[in-house]
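First to last, the protein sequences are chains A and B. Using this note's numbering, the first residue of the first sequence is number 1, and each one after it goes up by one. Using this note's numbering, the first residue of the second sequence is number 1, and each one after it goes up by one.
Derived from the structure by calculation, the hints contain no laboratory data. Predicted model only: the values in this text are computed from it and were never measured. Even glycine gets a Cβ: it sits at the ideal position worked out from N, Cα and C. Any given hint could be a false lead.
What the hints assert, rightly or not - Covered by chain A, according to a simulated footprint, are these stretches of chain B (three or more residues, beta-carbon under 8 Å):
#1 60 to 73
#2 85 to 95
#3 132 to 140
#4 270 to 282
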Amino acid sequence: MTVVESLPAAPARSPSWWRSSPTGRQLRALVRNPTAMFGAAIVVLVLLCGLLAPLIAPYDPLAISADALAPPSAAHPLGTDDLGRDILSRVLYGARVTPLVGIAPVALSAAAGVVLGLLAGFSRGLVDNVIMRLIDVLLAFPGIVLAIAVVAVLGPGLGNAMIAVGIAGVPIFARVVRGLVLVEREKEYVAAARLCGARAPRLIFAEVLPNVAAPVLVLSTVSVATAILSTAGLSFLGLGAQPPQPEWGAMLSQGRDYLTDQWWIATFPGLAIAIAVLGINLLGDGLRDVLDPRL
Amino acid sequence: MAAYAIRRLGLSAIVVVGVSIAVFMMLRLVPGDPVSVMLSQGSTAQDAAALKHELGLDRSVFAQYERYAGNALTGDLGTSIRLHEPVARLIGQRLPATLELTVASLALATALGVLFGTLSAVRHGRLTDHLVRVGSLAGVSLPSFWLGLMLILLFGVELGVLPIAGRDGLASLVLPAVTLAMVPLGIITRMVRSSVLDALREDYIRTARAKGLGAARTLFGHALRNSLIPLVTVVGVQFGTLLGGAIIVETVFAWPGVGSLLIDAVSARDFPLVQGIILMIALGFVLVNLAVDLLYAVLDPRIRDSMETAS
């Protein structure tokens with residue numbers, strides 16, 4: 001008999017778990033929150049559009065045709081752009097980029113910010129002071145200005161724009177996590193672990209980190225919306241995605257020149273951004289209510 | 001209070017030095033040779049050497065920073081490579097337009113945010129409350145560059161009642177200011193709503209009502225007054241957000257401010273101009289945050305005491 005076989009089986013997640021455990025209760029509260037579920041539905045819809053784009057898009061998003069600047073019609077439900085490309089197909093393909101531009105920068109912000117926040121909050125003294133002064137310097141730049149500065153250094157492009165937005169988000173995560181760690185480190189479970197001989201890395205990553213995970217998750221959700229808006233903003237300014245990539249911000253920027261007569265070119269990509277961001281914000285609001293009303 | 005103010009000033013001075021180092025390092029962090037990045041095609045080796053000397057890149061990093069910081073302290077931010085004009089003068093020409101736009105947006109967002117937030121709290125759980133909550137969430141979700149274009153389409157192109165670009169009188173300020181105000185309006189509305197809701201549940205409000213004070217006087221004389229203290233911080237933070245947001249809105253409306261100047265400079269890789277504008281925005285943000293923190297401590301002695309105890 002192996003060691004694994006000799007261990008008692010984990011209790012099955014029964015309906016009582018759904019009712020009695022804290023996580024079950026939180027999930028139940030989230031599912032019962034209509035605005036959060038509406039937001040989740042929008043997010044799922046955007047993800048599905050991106051996932052199924054090759055199957056459901058009526059045209060190749062990069063295919064140039066003679067039917068340029070055509071208004072919405074049965075053949076092109078959202079019209080065509082100046083090169084005759086189908087806007088609907090480009091919007092659907094743009095939904096493939098959106099999860100990436102939302103999640104990748106936030107993953108960068110969260111990874112760096114959480115580590116810095118944990119180190120600062122746990123070590124105090126010189127390390128805390130040095131980290132927090134660095135964070136203060138980064139916070140002196142409004143988010144989009146910091147992102148533009150990073151793009152100015154690295155050069156334009158979608159990848160660099162995502163790195164820029166990710167760096168701009170680091171100080172917020174670091175600040176929030178440090179504040180949470182300062183509270184957690186004084187709690188009894190940390191003292192108990194320390195008495196049991198746990199060293200700093202174990203205390204930080206195995207004890208404190210799981211207890212600050214919920215607020216970090218909430219902040220991440222809200223930050224995804226900000227990241228999508230910021231990256232699209234950089235693309236709109238010509239510093240992010242470059243033509244002919246079907247990215248919503250870049251599409252909007254291309255449509256700006258045709259606004260007066262061909263309104264559809266700029267309208268639909270922007271509407272797509274607004275809907276996606278609204279969905280994430282609604283879901284984030286619901287998550288915050290359930291997981292961490294302090295934020 | 002004096003001890004707190006001195007400590008806060010000291011921290012701001014450290015941040016200012018850090019900001020100047022960060023901005024100075026921008027040019028040095030450019031992958032490859034920054035001079036070849038900035039020069040146009042067809043430039044000679046002599047052009048490159050001259051630019052390198054002009055930017056001080058032929059000296060040690062410490063000497064370069066000493067020169068950069070010394071010049072910045074006297075208001076010399078270098079010369080624009082593209083426009084061949086002093087950076088400080090270019091910023092000075094464009095700054096009034098940016099300040100006009102951000103101040104107008106902040107005033108609009110604060111006035112409407114306090115109104116909608118209070119209305120929502122007083123009508124808690126009713127239709128007005130739901131409408132305000134959905135509206136404020138929509139406000140922070142709409143991309144400003146799209147909202148700006150849609151406002152141009154509606155009020156400029158379709159109705160023809162407002163100018164769609166440029167800075168020419170009060171009418172031209174309306175669309176950019178409304179566009180820029182939308183995000184802070186959503187944030188301020190939500191903050192005021194939750195703050196007034198909290199205040200309305202406090203014992204002193206119940207006492208005031210029990211003593212026979214009218215609903216309006218309780219709201220305006222007590223609840224709203226106390227719940228507006230945190231507004232100072234939010235408005236201060238939003239000023240920074242607006243300075244950032246102005247960059248995009250100025251581009252949409254061809255508003256001749258520092259934001260559109262910055263984007264042109266980034267596109268042209270005109271680093272002295274990019275560095276100067278970013279330094280100016282960051283220093284402005286540091287100053288506003290300092291003022292907000294000091295004002296906050298004056299308004300609420302509890303904050304001051306807790307900060308002094310913590311330090």
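Structure-based check of all given hints:
no.: 1; hint: 60 to 73; in the structure: violated (count 0)
no.: 2; hint: 85 to 95; in the structure: violated (count 0)
no.: 3; hint: 132 to 140; in the structure: holds (count 3)
no.: 4; hint: 270 to 282; in the structure: holds (count 5)
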